[in-house]
Every structure is written in C-alpha cells, then in structure tokens.
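K.L.:
One-letter residues, chain by chain:
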Amino acid sequence: MSTRAQLFCAWCGVGFLVLFSIGWWFIAGYIPPMSPAMSAHEVAAFYQENTGLIRLGMVITMFSAALSAPWVAAIAVQLKRIEGESPALTYALLVAGAVGVVVLVVPPMVWTTAAFRPDRDPELIMLLNDFAWLFFVMTFSPFFIQNLVIGLAVFGDKSDVPVFPRWVAYFNIWVAILLIPGGLITFFKTGPFAWDGLLAFWLPFAVFFGWFVVMFPLLLKAIRQQGLPAEPA
Amino acid sequence: MSTHSAGLVSAKTHVPGEVGIWVFILGDMAIFGLFFFVFVYYRGLNIDVYLQSQATLNQNYGALNTLFLLASSWFVAMAVEDMRSKVTRLAPRFFVLAMLCGLGFAVVKIIEYREKITAGITLTSSDFYMYYYIFTGLHFLHVLIGMGVLVFLWLKAKSAVQRKGELPIADKAKEMMLIESGASYWHMVDLLWIVLFPLLYLMK
Amino acid sequence: MMHLLLKPVSAAWLLLMLATCLSWWLGQGDGLNAIQTGDYRLISSGLILIAFIKVRIVIRYFMEVRQAPLALKLVCDGWVALVCGVILYLYWLGLSPVVVINGI
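Protein chains in written order, with this note's numbering: chain V, 1 to 233; chain R, 1 to 204; chain P, 1 to 104.
In case anyone wonders, no lab produced these hints; they're calculated from the structure.
Take these hints with a grain of salt, some might be off.
[To be verified] Think about it this way: if two alpha-carbon atoms lie no more than 30 Å apart in a straight line, the pair counts; the simulated BS3-like pairs of lysine-lysine are:
hint, chain 1, residue 1, chain 2, residue 2
1, V, Lys158, R, Lys86
2, R, Lys164, P, Lys7
3, R, Lys174, P, Lys7
4, R, Lys156, P, Lys73
5, R, Lys164, R, Lys174
6, P, Lys7, R, Lys156
7, R, Lys116, V, Lys189
8, P, Lys7, R, Lys86
9, V, Lys158, V, Lys80
10, P, Lys7, R, Lys172
11, V, Lys189, R, Lys109
12, V, Lys221, R, Lys174
13, P, Lys7, R, Lys158
14, R, Lys156, R, Lys172
15, V, Lys158, R, Lys156
16, V, Lys80, R, Lys174
17, R, Lys172, P, Lys73
18, R, Lys172, R, Lys158
19, V, Lys158, R, Lys164
20, R, Lys158, V, Lys158
21, P, Lys73, R, Lys174
22, R, Lys156, V, Lys80
23, V, Lys158, R, Lys174
24, R, Lys86, R, Lys164
Produce the entire structure from the sequences given, and follow the hints as far as they go.
P.N.:
Now the structure itself:
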C-alpha cells in the first residue's frame, strides 16, 4: 500500500507551523500579543504603523491555516485504522478539524480588515481587533474535541501492534484540558486570564504548538508501520 | 509502551498503573504548579485586596472537602489492596464509599458556589475570586472526570468479585494496571486540593 | 478485613486527617485580624509546609511511588521541593514592601 499521500499530509502540519509562525508572529508581529487594555488610539496606531506588514503577514497566515486540514486528515486515516468499520471518532476528528480551519482562517481576515483602512475611526479598528483576538484565542472548543477524540480512539486500540502508543491517549486528553483557559478571556482585560495572559494565551499557545511537535514523529511512525507489507496470515 | 508489564508480580520496584497515566499526572501537576506560582505572585502585589476577599470565604467548607477527598483516597487505596489479593471481596464496597465521599465533595462545593453567587460574588468580583473560581472550577472538572473513573473501577471490581476462578496472570496484570492507573489519577485530584486548600482558604 | 485496614497506608491516612485538622485550627480567624495578632507569616509558612508534607505522603503511600523506580521518585520529590520552595519564596517576596518582577 502506498502511503505517500499520507506522508505529504503529515508534512503539511509542519508547513502549517512554519508558515503560521512566519506570517503571524514574525511578519505581522502579533507576538507578544497586544494587551486588551490598550486604548482605541494605541490600537489604531499599531495598524497605522504596521499596515503593510500586517497585510502581508495575514495573507501568509490565512494560507497556512488551511494546511492544518491535510494534517488532520492524516491523523484521521490512522484513527480509521484503529476504529475499522465504525469510525465515529474519526469522523468527529474530521469535522472538528474542518471547523478548526475556519477558526484559524477567520481571525487573519478580520485583522487584515482592520489594516485595510487604517485611517478609519479608531473605535472601529479596536472593534475589529477585539473581534479577531477573541475569535482566535477563545475558540478552544473544536481543538478540545479534536484532541479528546484522538485520546478516546487511542484508548480503544486493542491490536497487538497499536497505531499509537497508549500514552498518546493521555497526552491528548491533557492537551485538551489545557486549551480550556482560553475560553475565559471574555471576562478579563488584564492579568493571566486576559487574551495576552500567561494562562489563557501563552500556556494554550505553547501546548498547541507542542502538540504538533510531539504528534509529528509519532504520526510518521504510524504511517510507515502501515506501509510495511502485511505479514502472511 | 502498552505491553508494559505492570505487575501484581510485585517486584521490588514497580510503576503504579501504566506509564501513560504518569504523562498525564505529571503534566497536570506541572500546570497546577504554574497556577500556584501565578496566584501567590499576584497575591503578593496586592495583599490587602486578597485578604479582604479571603475573609469572606468559609474555611469550614475547604477543610471539610479536604477530609472528604482524603477519605475517598484511602477507600480507593483499600480497594486496590483488595483487588490484589487472591480473592477479591470488598473492593466494590470500598469504591462505592470512595464515590460517596467524592459526591460529598461535589455537594459541598456546589453549596459553596451557590452561597457565593447569591451573595453577589462572582468571577469578576476581585482578583482573588477570579483565581478562586477558575482554580477550583478546573479542579472540580477533574473531580467530575474522577467520578467517572471511579464508576469504571467499581464495575471492574464487581466483575472481579463475580468471576469464578483466577484470571491468567497476564490478564490479571492488565486489570491491575487499569485499576492502579485510575486510582493514581484520583489520588492526584486529592493532592491538588491539598495544596489549593491552604493557598485559597488559610494563608494570610 | 483487618489485614486490609492494618496496612501502612491506613497510618498515612490517619496522619493526613490529623494534619488537615491542625491546618484548619491554625488557619482560624479572618485574615485582617490575624495580621494584627501573632506572627501570621510563620503560621502561613507552616501551613504551606504542612500541605506539601501531606502531598508527599499522598504521593508515596496512596500513589505508591514509594515502590516506584528511582526516576519517578526523583521527579515527584523534585516537584514537591520546587513547588513548595517557589511558593514560599513568592509568599515572602510579597510581604516585603517593594516587589517588582517584570515579565510575568
């Protein structure tokens, strides 16, 4: 069986990480995140001073987001191997992953809208900026479900040569729980649970990136294992 | 990793449960450690505000809940011991007692939340109550997951009592691995509360 | 039944219950009054120490890390020492009049 397409999909995950970092982090400069306590004029100034970089960065970010689709698909193929005839968790992963792409595509479009006419009313720029940040950081739910179903599927793996080692199940559920604090940002403008805070932003952000780094080699291994010629029964 | 021989063949050293559960437990402990640091640091910046808020907290609820979780953990430890013996008899009852204690914790916590919310104290009332609600809320989520785990362990224990004859050694090892994993998780829930109790309720 | 109850873990449990009652008693009184009476700083430090002694007992006896391989023992003890130490440090730091750590 050829697993070349799967390997391509898995590498798309790396592409996502790299391009996303370049566009969102290094070009547009959204890291460190701007404070939700900034005044409308400060926010508007950020868009006026960095207009070109934000526009360019958001094109790249928007493109990178879709690369997470093949990545999720590659994981889904492996979950399908575990689940066989009744792949409910696999489908849940695919749907959640598809929504995840939307969650990653919409904020760059809103940020770029703010940078589209940077000389408009600062209050309106702040509105767009708030919307993009809230959408981006607070929407943990599809990723929560994504990690949860991976965990549940790996727990259900009863084969002699499991697709993923069992600790991957625990790891994914741990990651799922860590994404939850992002949901609290709507209540705070400052402190660790604001959208630029240690526990609502940095921790889920680091964990989400770390999840790719941990899952990538495991996914490659699982794909290679699937590609091995089946032993004669 | 999954073929890890967690054994009732209790050698001198033995990882309780499966290796994976320790990824979760240590990961969770690391994160809660970070939570504790953040709380104590920000508290130090504005001690008076924190003390004023803390004074409206009822310490008896916190202490009672500590006792509930400790008792629950002990029952679970007893159940695990009983599962290890050749003839399992009491483990299901111990698990039921553990669940009742967990339920006691949940009831006290809900009463406490209700009392605070009806008094108009919410997540945004003060920084202290922000941490109070978020940390105890996340811990409460762990308790709810733990109650599910205890139900699972209770079912395992019941089938261990009902079955005739002993399991083959490999199957018994696998069963003990699951039991120990669930038990270790529940003890961690206890452990985190043991730290939250003085930090939120007692420390001046 | 008795052979079950007479395990070291039961002694550990009794100790934990007693330590909780001790903490409960030490922490009585509302915060603002306590600050004017007695050395609340030492009491608070004691409460933190008691908590982490309890944590170590839970790890060793309930979670059975006592019988675990050395690596797991070290990681657990490392967590206890680190978290307890940093909490005490930050607690005392907060008591001193001027505190500024940038970057948190």
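K.L.:
Now tell me if each hint is right for this structure.
P.N.:
Hints, verified against the model:
A hinted pair counts as satisfied when its Cα atoms are at most 30 Å apart, and Lys158/V with Lys86/R qualifies at roughly 27 Å. Between Lys164/R and Lys7/P, the direct Cα distance comes to roughly 27 Å. Compliance with the 30 Å bound is thereby established for this hinted pair. For the hint pairing Lys174/R with Lys7/P, the CA-to-CA distance comes to about 24 Å; that is within 30 Å, so the pair holds. Of the pairs offered as hints, the one joining Lys156/R and Lys73/P holds, with about 28 Å between alpha carbons and a cut-off of 30 Å not exceeded.
The straight-line distance between the Cα atoms of Lys164/R and Lys174/R is roughly 18 Å, inside the 30 Å bound, and the hint therefore holds. With a C-alpha separation of about 23 Å, the suggested pair Lys7/P and Lys156/R falls inside the 30 Å cut-off, and the hint holds. Between the alpha carbons of Lys116/R and Lys189/V the distance comes to roughly 23 Å, so the proposed pair stays at or under 30 Å and holds. For the suggested pair Lys7/P and Lys86/R, the alpha carbons sit about 17 Å apart, so the restraint of at most 30 Å is met.
Between Lys158/V and Lys80/V the alpha-carbon distance is near 13 Å, which keeps this suggested pair within the 30 Å criterion. Between Lys7/P and Lys172/R the alpha-carbon distance is near 22 Å, which keeps this suggested pair within the 30 Å criterion. At roughly 28 Å between alpha-carbon atoms, Lys189/V and Lys109/R fall within 30 Å of each other, so this suggested pair holds. At roughly 25 Å between alpha-carbon atoms, Lys221/V and Lys174/R fall within 30 Å of each other, so this suggested pair holds.
The hinted pair formed by Lys7/P and Lys158/R meets the criterion: a straight-line CA distance of about 23 Å does not exceed 30 Å. Taking the CA atoms of Lys156/R and Lys172/R, the gap is about 11 Å. The hint holds against a cut of 30 Å. At roughly 18 Å between alpha-carbon atoms, Lys158/V and Lys156/R fall within 30 Å of each other, so this suggested pair holds. A hinted pair counts as satisfied when its Cα atoms are at most 30 Å apart, and Lys80/V with Lys174/R qualifies at roughly 25 Å.
For the suggested pair Lys172/R and Lys73/P, the alpha carbons sit about 25 Å apart, so the restraint of at most 30 Å is met. Taken as a hint, the Lys172/R and Lys158/R pair is honoured in the structure, with Cα atoms around 14 Å apart against an allowance of 30 Å. With a CA separation close to 25 Å, the supplied pair Lys158/V and Lys164/R stays within the 30 Å bound. Taking the CA atoms of Lys158/R and Lys158/V, the gap is near 22 Å; set against the 30 Å cutoff, the hint holds.
With a C-alpha separation of about 23 Å, the suggested pairing of Lys73/P with Lys174/R holds against the 30 Å cut-off. Among the hinted pairs, Lys156/R with Lys80/V is consistent with the structure: their alpha-carbon atoms are about 28 Å apart, no more than 30 Å. About 12 Å separates the Cα atoms of Lys158/V and Lys174/R, which keeps this hinted pair within 30 Å; it holds. A C-alpha spacing of about 12 Å is found between Lys86/R and Lys164/R, which places the hinted pair at or below 30 Å, so the restraint holds.
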